[in-house]
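Residue numbers (our numbering), protein chains in the order written: chain C, 886 to 1201; chain H, 886 to 1201; chain Z, 886 to 1201.
To be clear, the hints were calculated from the coordinates, so they are not data collected in a lab.
Take these hints with a grain of salt, some might be off.
Heads up, the list lumps identical chains together, so a pair's fine if it works in one copy or across two of them.
Straight-line Cα separation of at most 25 angstroms, SDA-like style, residue types lysine to any residue; simulated pairs [claimed, not checked]: (1) Lys1201 <-> Asn1126; (2) Lys1015 <-> Gln1176; (3) Lys1045 <-> Glu912; (4) Lys960 <-> Ile1198; (5) Lys1015 <-> Asp1152; (6) Lys1045 <-> Ile971; (7) Lys960 <-> Tyr932; (8) Lys1012 <-> Ser1169.
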Amino acid sequence: MKNLQQSENKKLQHLLSIKGLDKKIIEEIFNDADKFLEKKDIKLDDYTSLNGKTVCNLFFENSTRTQTTFEIAAKRLSANVINLDIATSSQSKGESILDLINNLIAMSVDIFVIRHSEPGIPELIAKNIKSNAHIINAGDGNREHPTQGLLDAFTIREFKKDFSNLKVAIVGDIEHSRVAKSEINVLSTLGTKEIRVIGPKALMPSNINNLNVNVFHTMEEGLKDVDVIMMLRIQKERMSNKTVPSESEYFKSFGLNQERLKIANNDALVLHPGPINRGVEIESEVADGKQSAILNQVKYGIAIRMAVMVMMIHKK
Amino acid sequence: MKNLQQSENKKLQHLLSIKGLDKKIIEEIFNDADKFLEKKDIKLDDYTSLNGKTVCNLFFENSTRTQTTFEIAAKRLSANVINLDIATSSQSKGESILDLINNLIAMSVDIFVIRHSEPGIPELIAKNIKSNAHIINAGDGNREHPTQGLLDAFTIREFKKDFSNLKVAIVGDIEHSRVAKSEINVLSTLGTKEIRVIGPKALMPSNINNLNVNVFHTMEEGLKDVDVIMMLRIQKERMSNKTVPSESEYFKSFGLNQERLKIANNDALVLHPGPINRGVEIESEVADGKQSAILNQVKYGIAIRMAVMVMMIHKK
Amino acid sequence: MKNLQQSENKKLQHLLSIKGLDKKIIEEIFNDADKFLEKKDIKLDDYTSLNGKTVCNLFFENSTRTQTTFEIAAKRLSANVINLDIATSSQSKGESILDLINNLIAMSVDIFVIRHSEPGIPELIAKNIKSNAHIINAGDGNREHPTQGLLDAFTIREFKKDFSNLKVAIVGDIEHSRVAKSEINVLSTLGTKEIRVIGPKALMPSNINNLNVNVFHTMEEGLKDVDVIMMLRIQKERMSNKTVPSESEYFKSFGLNQERLKIANNDALVLHPGPINRGVEIESEVADGKQSAILNQVKYGIAIRMAVMVMMIHKK
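Can you build the whole structure from these sequences, using the hints too?
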């Protein structure tokens, strides 16, 4: 299969998944994001590098938070941003997604940021468009959420530098989480020493044994000696589905509190993609504590998204 | 009656309808749109020509697609764009439209883009405001949708150059379509040789005989020898109203398929204002075929709207 | 209690209420607003003074009109503006307001414009954030709406120059109106000779006697000799609550018509925060008459909000 994400000369055409993305591109995105965090080599006109370009947020599944991060990132680069409210758009008039995309391309949209509840929709679009427009997957079903994976790994790099010595645990509903998939893929590509997943059996994907991760079903075992703890947001819908017993039961077994944090290494870093359910998957003392890098993730997320968009438009 | 659209020195003050618009102004809009398609004479600062100006989208009838085209056009000219969600605005607090407009003028809105389900509302507003603000009608009931008419004629000009030898057929629900009215008016002003309308009797306006068009009730007769076929979107509401029998019945009688396309001239151009109902008024093979200029219309629509806005603000 | 609004060197950090705001700062805001009305000392780059800054509208209580004024003001200063639709945001996922704000600060939001139905929320946020972000209260319950108070006083200053000789009457539902509270506070700080409130007993706040205003229960008494009449919008909800008898009853007792206007001084100025209920609290002849400054208020409101935002960002 042709690699849709990278052009023949290895440049970033679309960002659909971490899977299949070269380590070299990931590291280049990280280096560019560093610039936007104003550490080095920043030039004034970097902030006008998307001037005259149009970025279109197409969220078929509502997420004000994620949409806002892309909107802020694009506007900070001087792009024109169009937020399409799909619920009230011609989608309801029965227009197909591809017709909608082709119309927007005709209006000269340069970058589409797409979230959809169905896995593979961003890829399907990337396959079918006839133009040089770029697709960024902002979450497709339970498959991937690549910019989240990138910003998580970038946050780890900021604090831990090297991945080759790290033990990292991902905690929660692995099966339904696109964030977990992107995290596993990015950590794997970057050569992380050990990737662990911790969660109830009912929330492990059936192919978990092919993912090159170590599976744990208790926090007590799984957190031992880890350098990074990546919590996942528990979807409250799962509880009404009875897949997960109840909020308090879940917290009792898999919630991260001060005591459990001590099982990990002393300087273990705590991440969470947000928004956090305080007292459900994480205790406030930990979320707001000195090992938490949760707000750093949000900050770095803007820089990562700026870097991705600039790379797509300018590094061809 | 005073011509509201044009100032005394023949400049474009408002765009309310194609009816009453000088051929000279239409041709000037086309020439300016040509520039924005980057064919000739484009200057860099044309893209900042609405810098500091405010364009307000006031859609009392929802249309994400049309609103997006105006938003993109205005932002590409560096205007500030305000999208007012009327449903949730003070309209629901009982504020009158004129009070709302006068308030927005006090906030220094320069151009209003207005869609309303009632014919004549944009004109009513243009008549009553006391300021130099500009009104663009983005569709008023079944009356007119002038920028759509302009972009349709512009698309024809791109492919066919001269109108004086053209036979053009407009197909569908003529009575309820503001697009059809604007198309008839613009084609007429530009001196089109023959304008035909094709559709069931129930969907012809009562004054059709005064419109200087030839009326047909079958595709087989109406498409013979035409150079351009302008399809209209069928409103699915009509079918539940029983005005139109059913989707499949409609397609059987008035849908454009490959076979019927052959009745027209060999190089006949196919247009549609979008979003298309595939398999209802037009077959996919035709909509995506080599005679289709449907996506060209979308592209040219941005340039036309840019040209209209620049003309209003700068050519006084 | 520490003054949250002003930094130690007396600069404007937040705008939470007129109460506690120095007269000197109010006058400085007025002078800066004057500039944006293009009267004097305007420099071209004043219009890019928020370039690269991000202003976030967080309206927990819907108000398209007020939100639009802040959006226009911020965009006119070249800021990036984010309008968060709270109803559909992660608020509905149970995220706390402070978590939401801290996330947005991590995304580098510089100014938050906050409206909330509960009094004191903007202050609570200002107290708890750990950053240099600025909070503007755009209305908190029945407590304050400081930019409205400022623009009202600014409008009076434009027409009447000096406050020390003015008699000003505020008419309507004083108890539930945040506008009335901010008006009383700003007029008081600016040294207005006499502040009157006029309204039914049921709509007077219980602490009215501590507010240093004179209370009247009829228009005939209250309007005598006044120089400025500030009408309030009557909330129609009050009538279904039976707090106010009916629209026509209310208009009969407290509506401002031509005849009552004559009770006041000849050149008395008429203000209203909008949107007006024609025929309920004010007659059209008065609202549109030559003593009305209602549309001036709207215009000046943009300049006041520009001045406040520039002061927060640049005068530190």
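Quiz item: Going back to the hint list, which numbers does this structure go against?
Solution: 1 and 6
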